[in-house]
Amino acid sequence: MTYLAKPKLHHPTLTTNAVGYTRRDYEGRVSTLCAGCGHDSISAAIVQACWELNIEPHRVAKLSGIGCSSKTPDYFLGASHGFNTVHGRMPSVLTGANLANRDLLYLGVSGDGDSASIGLGQFANAMRRGVRMAYIVENNGVYGLTKGQFSATADRGSKSKKGAVNRDNPVDLVGLALQLGATYVARSFSGDKEQLVPLIKGALEHGGAAFIDVISPCVTFNNHSGSTKSYDYVRWHDEAVSRIDFLPAHSEITVDYAAGSTIDVLQHDGSTLRLSKLHADYDPTDRYAALSYMHERQARGEIVTGLLYLDPVAVDLHVSLNTSDTPLNTLQASELCPGAQALEKINASLR
Amino acid sequence: MKRIEAVNDFVIKFANVNGSGSASANELFAKAILRMGVPVSPRNIFPSNIQGMPTWYEARVCEKGYLGRRGGVDMMVAMNPQTWAADVAEVQSGGYLFYDSTRPVAESALRKDIEVIGVPLTEICNAAYADPRQRQLFKNIIYVGALSVLLDVDAAVFETLFAEQYRGKELLLESNVRALHLGRDYVKNHLQAPLGIRVQRADKVGNQIFTDGNSAAALGCVYGGATVAAWYPITPSSSVAETFQKFCDKFRVEPQSGKNRVAIVQAEDELASIGVVVGAGWNGARAFTATSGPGISLMTEFIGLAYFAEIPITIIDVQRGGPSTGMPTRTQQSDLLACAYASHGDTKHVLLFPEDPHECFEHAAAALDLAERLQTPIFVMSDLDIGMNQRLCKPFTWDDARAYDRGKVMTAEELEAGKDFGRYKDVDGDGIPWRTLPGTHPTLGSYFTRGTTRDPYARYSERGSDYVYNMERLLKKFKTAAALAPQPELRRAERATRLGVLYFGSTSPAMREALDVLTQQGYELDALRLRAFPFAESVSQFMAEHDKVFVVEQNRDAQMHTLLVNELSIDPARLVKVLHYDGTPITARFISEAIAQNLTPVQTETPLQKEAA
Ligand SMILES: Cc1ncc(C[n+]2csc(CCOP(=O)(O)OP(=O)(O)O)c2C)c(N)n1
Ligand code: SF4
Numbered sequence: 132m133t134y135l136a137k138p139k140l141h142h143p144t145l146t147t148n149a150v151g152y153t154r155r156d157y158e159g160r161v162s163t164l165c166a167g168c169g170h171d172s173i174s175a176a177i178v179q180a181c182w183e184l185n186i187e188p189h190r191v192a193k194l195s196g197i198g199c200s201s202k203t204p205d206y207f208l209g210a211s212h213g214f215n216t217v218h219g220r221m222p223s224v225l226t227g228a229n230l231a232n233r234d235l236l237y238l239g240v241s242g243d244g245d246s247a248s249i250g251l252g253q254f255a256n257a258m259r260r261g262v263r264m265a266y267i268v269e270n271n272g273v274y275g276l277t278k279g280q281f282s283a284t285a286d287r288g289s290k291s292k293k294g295a296v297n298r299d300n301p302v303d304l305v306g307l308a309l310q311l312g313a314t315y316v317a318r319s320f321s322g323d324k325e326q327l328v329p330l331i332k333g334a335l336e337h338g339g340a341a342f343i344d345v346i347s348p349c350v351t352f353n354n355h356s357g358s359t360k361s362y363d364y365v366r367w368h369d370e371a372v373s374r375i376d377f378l379p380a381h382s383e384i385t386v387d388y389a390a391g392s393t394i395d396v397l398q399h400d401g402s403t404l405r406l407s408k409l410h411a412d413y414d415p416t417d418r419y420a421a422l423s424y425m426h427e428r429q430a431r432g433e434i435v436t437g438l439l440y441l442d443p444v445a446v447d448l449h450v451s452l453n454t455s456d457t458p459l460n461t462l463q464a465s466e467l468c469p470g471a472q473a474l475e476k477i478n479a480s481l482r
Numbered sequence: 004m005k006r007i008e009a010v011n012d013f014v015i016k017f018a019n020v021n022g023s024g025s026a027s028a029n030e031l032f033a034k035a036i037l038r039m040g041v042p043v044s045p046r047n048i049f050p051s052n053i054q055g056m057p058t059w060y061e062a063r064v065c066e067k068g069y070l071g072r073r074g075g076v077d078m079m080v081a082m083n084p085q086t087w088a089a090d091v092a093e094v095q096s097g098g099y100l101f102y103d104s105t106r107p108v109a110e111s112a113l114r115k116d117i118e119v120i121g122v123p124l125t126e127i128c129n130a131a132y133a134d135p136r137q138r139q140l141f142k143n144i145i146y147v148g149a150l151s152v153l154l155d156v157d158a159a160v161f162e163t164l165f166a167e168q169y170r171g172k173e174l175l176l177e178s179n180v181r182a183l184h185l186g187r188d189y190v191k192n193h194l195q196a197p198l199g200i201r202v203q204r205a206d207k208v209g210n211q212i213f214t215d216g217n218s219a220a221a222l223g224c225v226y227g228g229a230t231v232a233a234w235y236p237i238t239p240s241s242s243v244a245e246t247f248q249k250f251c252d253k254f255r256v257e258p259q260s261g262k263n264r265v266a267i268v269q270a271e272d273e274l275a276s277i278g279v280v281v282g283a284g285w286n287g288a289r290a291f292t293a294t295s296g297p298g299i300s301l302m303t304e305f306i307g308l309a310y311f312a313e314i315p316i317t318i319i320d321v322q323r324g325g326p327s328t329g330m331p332t333r334t335q336q337s338d339l340l341a342c343a344y345a346s347h348g349d350t351k352h353v354l355l356f357p358e359d360p361h362e363c364f365e366h367a368a369a370a371l372d373l374a375e376r377l378q379t380p381i382f383v384m385s386d387l388d389i390g391m392n393q394r395l396c397k398p399f400t401w402d403d404a405r406a407y408d409r410g411k412v413m414t415a416e417e418l419e420a421g422k423d424f425g426r427y428k429d430v431d432g433d434g435i436p437w438r439t440l441p442g443t444h445p446t447l448g449s450y451f452t453r454g455t456t457r458d459p460y461a462r463y464s465e466r467g468s469d470y471v472y473n474m475e476r477l478l479k480k481f482k483t484a485a486a487l488a489p490q491p492e493l494r495r496a497e498r499a500t501r502l503g504v505l506y507f508g509s510t511s512p513a514m515r516e517a518l519d520v521l522t523q524q525g526y527e528l529d530a531l532r533l534r535a536f537p538f539a540e541s542v543s544q545f546m547a548e549h550d551k552v553f554v555v556e557q558n559r560d561a562q563m564h565t566l567l568v569n570e571l572s573i574d575p576a577r578l579v580k581v582l583h584y585d586g587t588p589i590t591a592r593f594i595s596e597a598i599a600q601n602l603t604p605v606q607t608e609t610p611l612q613k614e615a616a
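Sequence lines, in order, name chains S and X. The first sequence begins at 132 in the working numbering and counts up one residue at a time. The second sequence begins at 4 in the working numbering and counts up one residue at a time.
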């Protein structure tokens with residue numbers, strides 16, 4: 132229940148970071164997501180990343196669209212302002228917020244339905260504008276909150292419980308982000324904390340548009356045998372979301388595998404997900420090499436994870452617009468209003 | 004044939020081809036008359052097309068200062084063969100037809116009851132210029148020169164205008180002056196001038212300025228302190244953002260660093276443009292977007308979010324003919340309901356109705372203040388007629404002591420001092436809650452914004468009582484808005500009367516004239532110009548004081564009438580609808596006839612007729 136705040140019982144021995152916060156200070160309300168939902172693991176990774184980075188929680192603005200994934204900003208960084216906007220349009224709202232105050236850190240959380248369907252245009256344009264933010268898509272291949280319809284990232288040929296086959300090709304957000312000019316592009320798995328936490332840290336510290344596609348299994352709507360990947364399946368269950376208590380609790384799936392290796396991960400539905408971690412010597416600074424490497428592996432049925440691309444000298448929207456270093460929301464009338472005298476001149480020019 | 008004789012009181016219409024460069028020549032002509040001290044109100048009538056299609060520029064010259072459309076054409080400058088027949092037919096009997104007589108026109112294509120004036124423009128032009136582009140551009144200046152003699156406008160006036168326009172560009176200055184005199188000389192040598200209609204120096208312009216509503220609204224946003232603008236191109240609103248950019252290039256550049264104190268984004272669509280504005284408003288910047296009807300449709304989901312989550316945003320809606328793509332280059336006041344109740348669920352929004360460019364400036368700046376004061380979307384309901392036409396109006400004014408109203412924003416100090424912060428709590432009894440901006444305080448005042456229901460402390464809640472508290476508070480806030488928004492303007496009749504008329508926005512100049520006409524005919528009406536929705540207290544009062552009130556508006560479905568009946572519980576039987584919606588700006592003639600017709604002792608059943616364009 133979101134309206135129950137998590138009790139803040141600080142253990143005196145809890146370690147604090149360099150700015151004096153304990154890890155608990157980065158938590159939010161109690162999650163209302165299904166037990167074992169991959170999204171909760173991502174929230175935990177965000178908490179960990181912010182704590183380790185010594186970010187003051189209130190200096191982060193967290194924004195999201197609509198969906199189970201988009202509810203998560205309420206479940207971490209309780210001391211920061213959050214904004215659960217409208218379906219698919221977090222990127223524009225975040226862009227505006229960022230333009231208003233360039234001094235905060237912007238964290239955008241979205242789902243695959245949110246970003247790859249209704250919000251595909253906004254996703255694309257935020258990437259191409261280079262809005263400085265960490266944009267995380269919690270990708271489960273289904274619409275979780277509306278109970279399991281195919282999302283635009285669901286694989287072609289995957290089946291629904293009722294036997295419907297997904298006839299459409301999947302949208303690959305990572306490929307798009309690379310093509311559209313994102314300057315930090317990564318893919319990871321919600322259960323791979325070892326990999327995910329550093330990726331989120333990198334994204335938060337990045338100077339431009341950072342995108343992470345995180346595969347995040349939906350435990351509730353992916354438990355049938357016809358799906359090609361765990362998160363592809365849809366199971367219709369009328370009350371599932373509101374009566375979470377009746378669902379069997381799953382434990383979150385975690386993995387631990389070395390760089391350069393490939394593993395098969397068994398999913399809740401019995402299917403497997405083949406993850407392939409980038410080699411330690413992979414060079415992430417070549418946008419086009421990243422694309423072809425990814426496609427090559429994809430053809431072999433593998434999903435490449437890790438930091439695929441990084442442009443260390445990212446240019447963000449403020450640079451393109453040449454905006455003042457002073458946050459726009461702090462400018463005063465004296466700096467904004469040309470005044471009566473200038474207006475007289477304008478009047479004179481219009482006579 | 005009795006020719007029309009009129010000094011400083013006529014309508015001249017230019018029929019041109021889109022993309023031929025005639026727009027600046029026509030504007031030059033209008034400005035010259037203004038410099039003669041005679042009021043002019045021009046209107047562009049243009050197609051939704053870029054090149055080759057017909058376009059008209061109708062200028063009303065009126066010493067009395069009436070700026071609405073009059074109806075009827077005294078002189079046609081027929082420069083477009085495509086529309087020749089219709090253009091010739093439009094001239095009032097006794098009027099004048101000016102045309103390019105380089106190629107002969109059949110007698111049958113002319114009219115006996117009008118005076119036909121031929122000037123071989125192409126011939127003169129071809130003799131003087133070799134370059135085809137020059138030939139086209141200077142032909143426009145040549146006809147302006149010819150007209151200046153026919154209508155008795157001093158050459159010196161044009162020469163001054165050219166000198167101002169081409170300061171430092173001697174070559175352009177010289178060639179324009181030359182073209183002007185080519186036209187002037189031809190008329191002087193070959194024709195009788197001036198005509199029965201002509202211009203005579205007067206002093207009726209005073210210190211008024213001549214500008215369009217979109218530029219004025221853009222300037223209002225600069226003065227009002229907007230720092231974030233996001234938009235998507237759509238006629239007739241695009242020039243708001245484009246001019247805002249131009250003004251910002253001039254006024255919003257940090258002197259030392261050369262950096263901009265503004266961020267302007269041309270978004271990928273209206274969904275994104277309003278999204279950017281919502282994000283910026285949430286984060287404490289003054290933000291606006293400019294759009295028109297179809298854009299409003301796309302924005303409605305976000306408008307509902309901004310209403311419910313209480314985020315300040317300003318939307319400048321330059322209305323055009325709807326529904327759907329409707330008449331994209333024609334004017335209407337038909338987005339009233341779409342804006343007043345935009346989005347699903349119970350929503351109500353604040354609308355401002357500027358009457359002219361002067362008020363576009365005032366209302367744009369006021370909207371930015373109101374948005375922050377009320378923490379809600381504010382709409383500036385302009386339209387194509389005011390937005391895209393230059394209009395004579397009061398000069399802009401600004402009080403340097405004026406401070407921006409940033410509304411109820413709680414600071415870190417106030418939070419530290421222990422002030423109770425409940426994001427959606429009505430602590431002051433005006434329905435307006437306090438907000439904090441992201442990043443304000445490490446431990447106090449943060450909250451989660453969302454479109455779902457919540458309790459007064461912004462905690463997610465679906466409890467009926469929390470929902471009702473919130474919805475009732477929003478209503479109270481709306482009531483507060485009625486007192487804070489621009490108040491209506493009352494014009495009392497000379498004698499006490501139980502008849503009234505309500506109008507708003509661009510109807511204003513035509514209404515002013517119609518009231519004078521009606522007074523002359525013996526009809527006395529009190530007039531109330533609405534300047535905002537929600538309706539001020541004085542609107543109910545006006546209703547109570549009058550037995551019959553005409554509601555004049557430019558749409559088919561009487562949308563303002565609907566708002567009045569809906570919001571003030573007025574007996575609809577006391578309201579008379581006066582509706583004009585053919586896409587052209589309403590005229591005084593239309594209004595006065597519609598009202599007079601309704602007031603004849605024997606009331607007729609004839610429905611109100613639209614006036615032909
Ligand atoms: C305009 C609009 N259309 C539809 C919806 C319904 N809706 C809510 S969440 C959602 C999909 C969420 O899917 P995804 O983004 O993949 O997130 P997940 O729940 O899977 O984490 C939809 C379609 C909505 N809220 N708004
Ligand atoms: S429905 Fe799926 S995505 Fe939503 S909370 Fe449950 S497991 Fe997570």
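These aren't lab readings, by the way, just hints derived from the structure by calculation. Any given hint could be a false lead.
Stated by the list, open to error - Cross-link-like lysine-lysine pairs, in silico, DSBU-like; alpha carbons within 30 Å at most:
| id | chain 1 | residue 1 | chain 2 | residue 2 |
| --- | --- | --- | --- | --- |
| 1 | X | LYS422 | X | LYS411 |
| 2 | X | LYS262 | S | LYS476 |
| 3 | X | LYS5 | X | LYS67 |
| 4 | X | LYS262 | X | LYS249 |
| 5 | S | LYS476 | X | LYS249 |
| 6 | X | LYS115 | X | LYS172 |
| 7 | X | LYS67 | X | LYS253 |
| 8 | X | LYS207 | X | LYS34 |
| 9 | X | LYS482 | X | LYS428 |
| 10 | S | LYS476 | X | LYS397 |
| 11 | X | LYS253 | S | LYS476 |
| 12 | X | LYS351 | X | LYS482 |
| 13 | X | LYS191 | X | LYS207 |
| 14 | S | LYS476 | X | LYS67 |
| 15 | X | LYS551 | X | LYS482 |
| 16 | S | LYS476 | X | LYS34 |
| 17 | X | LYS479 | X | LYS422 |
| 18 | S | LYS278 | S | LYS324 |
| 19 | X | LYS397 | X | LYS249 |
| 20 | X | LYS5 | X | LYS351 |
| 21 | S | LYS476 | X | LYS5 |
| 22 | S | LYS290 | S | LYS278 |
| 23 | S | LYS476 | X | LYS207 |
| 24 | X | LYS67 | X | LYS422 |
Said to hold, decoys possible - One side only, chain X facing chain S, incomplete, derived with CB under 10 Å:
| id | residue |
| --- | --- |
| 25 | SER276 |
| 26 | LEU478 |
| 27 | PHE481 |
| 28 | LEU502 |
Said to hold, decoys possible - Label pairs and their computed distance ranges (CB to CB):
| id | chain 1 | residue 1 | chain 2 | residue 2 | range |
| --- | --- | --- | --- | --- | --- |
| 29 | X | LYS249 | S | ASN300 | 42 to 48 Å |
| 30 | X | GLY68 | S | ALA473 | 26 to 32 Å |
| 31 | X | GLU126 | S | ALA471 | 31 to 37 Å |
Every residue, glycine too, gets a C-beta built ideally from N, C-alpha and C.
Quick rundown of the hints versus the structure:
1. LYS422(X) to LYS411(X): holds (13 Å)
2. LYS262(X) to LYS476(S): Holds - the C-alpha atoms of LYS476(S) and LYS262(X) are around 24 Å apart, at most 30 Å.
3. LYS5(X) to LYS67(X): Measuring from Cα to Cα gives roughly 24 Å; hence the hint holds.
4. LYS262(X) to LYS249(X): With Cα atoms ~15 Å apart, LYS262(X) and LYS249(X) stay inside 30 Å; holds.
5. LYS476(S) to LYS249(X): With Cα atoms ~16 Å apart, LYS476(S) and LYS249(X) stay inside 30 Å; holds.
6. LYS115(X) to LYS172(X): Since the Cα atoms of LYS115(X) and LYS172(X) sit roughly 45 Å apart, the hinted pair is violated (cutoff 30 Å).
7. LYS67(X) to LYS253(X): Violated, at about 37 Å.
8. LYS207(X) to LYS34(X): holds (14 Å)
9. LYS482(X) to LYS428(X): Holds, at roughly 17 Å.
10. LYS476(S) to LYS397(X): Holds. LYS476(S) to LYS397(X) sits at ~14 Å (cutoff 30 Å).
11. LYS253(X) to LYS476(S): holds (13 Å)
12. LYS351(X) to LYS482(X): Cα-Cα ~11 Å, so holds.
13. LYS191(X) to LYS207(X): holds (28 Å)
14. LYS476(S) to LYS67(X): holds (27 Å)
15. LYS551(X) to LYS482(X): holds (26 Å)
16. LYS476(S) to LYS34(X): Holds. LYS476(S) to LYS34(X) sits at ~18 Å (cutoff 30 Å).
17. LYS479(X) to LYS422(X): holds (23 Å)
18. LYS278(S) to LYS324(S): Between LYS278(S) and LYS324(S) the Cα gap is close to 27 Å, so the pair holds against 30 Å.
19. LYS397(X) to LYS249(X): holds (22 Å)
20. LYS5(X) to LYS351(X): violated (57 Å)
21. LYS476(S) to LYS5(X): violated (47 Å)
22. LYS290(S) to LYS278(S): With a Cα-Cα distance of about 15 Å, the restraint between LYS290(S) and LYS278(S) holds, given a limit of 30 Å.
23. LYS476(S) to LYS207(X): holds (21 Å)
24. LYS67(X) to LYS422(X): violated (59 Å)
25. SER276: holds (8 Å)
26. LEU478: With a closest approach of 23 Å, the LEU478(X) hint is violated.
27. PHE481: Constraint on PHE481(X) not satisfied, violated at 22 Å.
28. LEU502: violated (38 Å)
29. LYS249(X) to ASN300(S): 42 to 48 Å: holds (44 Å)
30. GLY68(X) to ALA473(S): 26 to 32 Å: Once the Cβ atoms are compared, 28 Å apart, the range 26 to 32 Å for ALA473(S) and GLY68(X) holds.
31. GLU126(X) to ALA471(S): 31 to 37 Å: violated (52 Å)
Hints 6, 7, 20, 21, 24, 26, 27, 28, 31, counting from the list given before, are not met by this structure.
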